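Take the given structure of chain A and dock chain B to it, following the hints.
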Amino acid sequence: MSVLELRALEKHYGRIQAVNGFDLKSEEGELLAILGPSGSGKSTLMRMIAGLEKPSSGDILLDGQSVLGIPPRDRNVAMVFQSFALYPHMSVRDNILFPLVSRKVPKSQHQAKLDEVTRILEVDDLLDRRPTRLSGGQQQKVALARALVRDPELFVFDEPLSSLDAQIRSQARAELRELHDRTRITTLYVTHDQLEALGLADRVAVINKGRLHQVGTPRELYNDPADLFVAGFIGNPPMNLLPLDEHTVAGLRPEHLRLHADAPDGDYVLDMQVAIEHVEYLGSEWLGYGTVQSGLADIDQQRQHVVARLPASIEPRFSPGEQWRFVGARADVRLFDRASGERKASQAGVAA
Amino acid sequence: MFLSLARKTGFYGGIGFLTLFAILPVLWAFLTIFKTSGDLYSIGISPFFFDEPPTLSNLVFLFTRTNFPTFLWNSAIVGVCVVAITLLLAVPAAFALARLTGRWGEHSGMAIFLVYLIPPSLLFIPMYQIVVWLGVANSIWSLVIVLPTITIPFCTWLLLGFFRSVPRTLDEAALLDGCGQFTAFRKVVLPQVYPGIGACAVFAFSLSLGNYIYAATFINASAARNISAGVPTELIRGDVFYWPELMAATLVVAIPLAIAYGLFFNYLVGGFKNAT
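Residue numbers (our numbering), protein chains in the order written: chain A, 165 to 516; chain B, 1039 to 1314.
Hints should not be assumed to be uniformly reliable.
Label pairs and their in silico Cβ distance ranges [as the list claims (entries may be wrong)]: (1) A:S448 / B:A1149: 34 to 42 Å; (2) A:P270 / B:V1064: 52 to 60 Å; (3) A:T296 / B:W1171: 51 to 59 Å; (4) A:G203 / B:I1251: 40 to 48 Å; (5) A:S448 / B:F1049: 54 to 62 Å; (6) A:G396 / B:M1148: 53 to 61 Å; (7) B:Y1232 / A:G396: 46 to 54 Å; (8) A:S202 / B:W1171: 54 to 62 Å; (9) B:A1122 / A:E191: 53 to 61 Å; (10) A:E174 / B:F1310: 37 to 45 Å.
Hints were generated in silico from the structure; no laboratory data involved. Remember, it's a predicted structure, so these values are computed and weren't measured experimentally. C-beta: ideal position from N, C-alpha, C; glycine also.
Only chain A is shown next, with the shape it has when bound in the complex (with noise of 0.2 Å):
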C-alpha cells in the first residue's frame, strides 16, 4: 500500500501542452479514477506515472520518495493495458510468471506466486492455452493476474473495460472493486467512462486539457461541480446549465427540474416557461426535453435547452407542443461565475 502524489507536472510535447500543473495526491489503498475525455491528457498522465514517458516539469512521488529517473522496470508499478499487451508467444502460464522471472524472484517462491493469484483471479485452468485463445474477459483476467504477481506498490489500469463486450463490463467492473478490496493495492483506474469512475472509484479526479478540474468523492462530483466543465460533464444527462444574470449560471440537475404545479411554495431561483419538445421512455425514468421560452436572462440570443427527469413511476402530466412552468429551488440549484466557469462559493446574494 503506497501513497501516489503529484506536484505541479507538466508535459508537454512542442508547443502542446499535453498535462498542465498537475497536483494530486492518493490515499494510502484508495481506488483513485482518472475521468477524462479523450485527448484530456489522462494517457500522458498515466505514462509518465509508469516511466513510460519523461515529465517536462514537475515531480511524481511514491511514499514520499521521487520516482523521476527510476526507469520503469525498478518503479514497482504494474499497469493493466487497455488491449491488455499480454505476450502472444508464451502461455497463459508464462505471462503471468513473466515479472517474476524478469526480476530475478527466486524459481523456488514462483509455484506459490501462481497458485495465489490464479486462485484469486480464477484462471487456474488456462494455464496451457496461448492468450490468442482467450475471450476479452479471460484476458483481463491474465492481464490483472499479470499485474498482481509481483506485488505491486501502484496499480495503474488504462481502460481496463473498454475491449470488453457491454454484457460483461459491469461484472468485469465489479470484480475489479472486489479485487481491490481483497488486495487493497493503490490503484490508479484511468477512463473516459464516468460510470465506470463513479460506479468503482473511492474518489474521481476530473481531467480536462491537462488540467485538473476537481477531486472528490463520486457523490461531491455529482452534488458539488467545483466548475462548469465537471457540471456540464458528469451525470447523464449533464446538469441543465442556463443563464441566471450577466455573471453567473445557474447549475440544475434534470431530476431537480420539477413543474410548478407539484409544489406552488418554496424559495426558487429558477422560474422558467418552457415549451416541450418531446419525452423519452427510457424503462426506470421519463426523459423531457424542451426550450426556454422565458424566465432566464437573454445574453445569448440563444434559446436554452433544458431536460427533466422523473422516475417512472410517475406519468408526466406535460407531453410535446405544451407549455408548463418549471422551477428550480435555491437548495438544488448551483451557482457558476459565467467568466470563469468557477464555482461561486454561496448562494447568497443572488437576487431570485
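Relative to the frame of chain A, chain B by itself:
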C-alpha cells in the same frame, strides 16, 4: 446448377493451365538431367519422353569432373555469411525505425527501399574499386562484403512492416514487467517477428545465390567462384553447352529454394503490406 458446374470447370481448368505453364519448363529441365546425349540431340523426339534408358552419368560428371561442388560450397558460405550480416544489421535497424515516430520515422521505410532500386549494373564499378582497396578481390569475401549492400535495405524495409505490426504496448508491458530495453526487445518483440526474420533469411540467401554481376566481375579464379558465375563459365565451353549438367546445376539449387519460398510466401506478402 449447370452454371456453377461450368464456373467450377473454368476455375479449375484455369488453375490447371497456369500450373502446367509454370511447371513445364522445370519438368523439361528435370527430365533433361537424365538423358543421354543421343536422346537429347535426336530431332523429332518429344523432350518429355525417353527414347533411350535414363542415366545418372550426367549428375556424376557434374559432381566429380567439374568444379561444381566448389561452387556449391562457395555459394553456401557466401549465402550464410550474407544472411548473418544482413539480419545482424537489418533487425535492429528495422526495430528502431518502426518505433521512431513523426514525419521522419514514418517515411524512412520508403527511403530505404528506394536504395534497393539502384541497379547493381551501375554500382559494380565503384564497388569493385572498394573491393580491390580492401584486398578481397578474387575471393568469395568480396561477395560477403558487397552483397549486404543490396540485402540490408530490402530486409530492413521488409522487417519494418513486421515490427510495425507489433503493438507498442507489448514493449511497454515488458518494460513495466521488469525488462530493460534490450531484454524487452529480445524476449517479447523479437519472437513476434520470427516469421519475418525467416522470410528475410530466405530472401537474402536467394539474392546472394542469384546475383550474377558482382560474382562475375569481382572474381576470376575458378576455385573462388560461386554457382551463379561459376556454372555458366564452367559448363558452357565455347559453343559447347553441357545441357544436362547445366539443368542439374540449376535444379539442385532452385528446388530447395522454391520450397523455402513456398513456406514463407504468406509472411513475405504480409511484410510487404505492412511496410509501405
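Against the structure, the hints:
1. A hinted range of 34 to 42 Å is violated for the C-beta pair S448 of chain A and A1149 of chain B, which are about 59 Å apart.
2. Checked against the given bound of 52 to 60 Å, the beta carbons of P270 of chain A and V1064 of chain B, roughly 58 Å apart, stay inside it.
3. Checked against the hint of 51 to 59 Å, the C-beta distance between T296 of chain A and W1171 of chain B comes to roughly 52 Å, which is consistent with it.
4. Between G203 of chain A and I1251 of chain B, the C-beta spacing of about 54 Å breaks the proposed range 40 to 48 Å.
5. At roughly 58 Å, the beta-carbon separation of S448 of chain A and F1049 of chain B lies within the given 54 to 62 Å, and the hint holds.
6. For the pair G396 of chain A and M1148 of chain B, the supplied restraint of 53 to 61 Å is violated, since their beta-carbon distance comes to about 45 Å.
7. Between Y1232 of chain B and G396 of chain A the CB atoms are about 51 Å apart, so this pair conforms to the stated range of 46 to 54 Å.
8. S202 of chain A and W1171 of chain B have their C-beta atoms about 58 Å apart, which keeps the hinted 54 to 62 Å range intact.
9. For A1122 of chain B and E191 of chain A, the hinted distance range of 53 to 61 Å is satisfied, since their beta carbons lie about 56 Å from each other.
10. For the hinted restraint 37 to 45 Å between E174 of chain A and F1310 of chain B, the CB-CB distance of approximately 43 Å keeps it satisfied.
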